Amino acid sequence: ETGVTQSPTHLIKTRGQQVTLRCSSQSGHNTVSWYQQALGQGPQFIFQYYREEENGRGNFPPRFSGLQFPNYSSELNVNALELDDSALYLCASSLMGSNEKLFFGSGTQLSVL
Amino acid sequence: QKEVEQNSGPLSVPEGAIASLNCTYSDRGSQSFFWYRQYSGKSPELIMFIYSNGDKEDGRFTAQLNKASQYVSLLIRDSQPSDSATYLCAVNPLRGATNKLIFGTGTLLAVQP
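Chains as they are written, first to last, in the numbering used here: chain F, -12 to 100; chain G, 777 to 889.
With the rest of the complex left out, here is chain F (with noise of 0.2 Å):
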């Protein structure tokens, strides 16, 4: 158990919805990276969040958008889903600085129909 925890654990969702996942990260941690992982392939950045703010994004399109709130938890929203947003969706948490390993929670497993 990272401590880190994610939900809802199974979401589905139709073509053209917006979904919100939610992160909260382990204790002591102050920064909150998400990932999609895909049937088959590795995890794939999204983007992190540090003092609220996002601090690095991967090749994700604008209708992917977060938050990090004042007690380090975080949003992940989704706008206008697509089939292919159909993935497992990885939060993790670390400390910006002086800890470069990522603790996953243990995702949220998104369906697009």
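Because the hints were derived from the structure by calculation, they are not lab data.
As the structure is a computational prediction, the values presented were derived from the model and not from experiment.
Where hints are given, some of them may not hold.
Partial list, computed: chain G residues near chain F (C-beta under 7 Å) [as the list claims (entries may be wrong)]:
no.	residue
1	S819
2	I823
3	K843
4	Q846
5	F879
6	G880
7	G882
8	A886
9	V887
Computed list of chain F residues with no C-beta within reach of chain G, every gap over 10 Å [what the hints assert, rightly or not]:
no.	residue
10	A67
11	E69
12	D72
When the alpha-carbon atoms are kept at most 25 Å apart in a straight line, the in silico PhoX-like pairs for lysine-lysine are as follows [as the list claims (entries may be wrong)]:
no.	chain 1	residue 1	chain 2	residue 2
13	G	K843	F	K0
14	F	K88	G	K818
15	G	K843	G	K778
16	F	K88	G	K832
17	G	K832	G	K843
18	G	K778	F	K88
19	G	K818	F	K0
Just so it is clear, CB atoms sit at the ideal spot from N, CA and C, and this is done for glycine as well.
Position chain G against the provided structure of chain F, taking the given hints into account.
For chain G alone, kept in the frame of chain F given last:
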């Protein structure tokens, strides 16, 4: 050329043997290297990290890094059926910066009893 490449496997080894997992990366300036284990349906779990050329041992695991060849490997001694999982190689191009990891697609390891 993919940024981080791994043989997808499956790599099948008998119980008690040494499993050797390999990874190459394209960014010569990469600083930090990680191995994650992912059981089917679960999230990635950090098992080893290495920053300097050479070997790093932790229990039955040894990570090996050769920056000149842009090559990192993971050896698992005395392989057990419980080691059967997908092993993800990850690279952080900038040490201590954004903590953005670039993952390979993973190698599936099957340890036969």
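Tested hints:
1. S819: It holds, given that the least Cβ distance between G:S819 and chain F is near 4 Å, below 7 Å.
2. I823: This hint is violated: G:I823 lies away from chain F, its Cβ roughly 11 Å from the closest one there, beyond 7 Å.
3. K843: Since chain F brings no Cβ nearer than about 17 Å to G:K843, farther than 7 Å, the hint is violated.
4. Q846: Violated - the Cβ of G:Q846 stays beyond 7 Å from chain F, reaching only about 17 Å at its closest.
5. F879: 3 Å, holds
6. G880: Holds: closest Cβ of chain F sits about 5 Å from G:G880, inside 7 Å.
7. G882: Where the cut-off is 7 Å and the nearest Cβ of chain F is about 6 Å from G:G882, the hint holds.
8. A886: 16 Å, violated
9. V887: 21 Å, violated
10. A67: About 25 Å separates F:A67 from the closest Cβ of chain G, which puts it past 10 Å; holds.
11. E69: 22 Å, holds
12. D72: Label holds. Min Cβ-Cβ 18 Å, cutoff 10 Å.
13. G:K843 to F:K0: 44 Å, violated
14. F:K88 to G:K818: With a Cα-Cα distance of about 18 Å, the restraint between F:K88 and G:K818 holds, given a limit of 25 Å.
15. G:K843 to G:K778: 17 Å, holds
16. F:K88 to G:K832: 16 Å, holds
17. G:K832 to G:K843: 14 Å, holds
18. G:K778 to F:K88: 22 Å, holds
19. G:K818 to F:K0: 21 Å, holds
When the structure is compared with the earlier hints, violations turn up for hints 2, 3, 4, 8, 9 and 13 and for no others.
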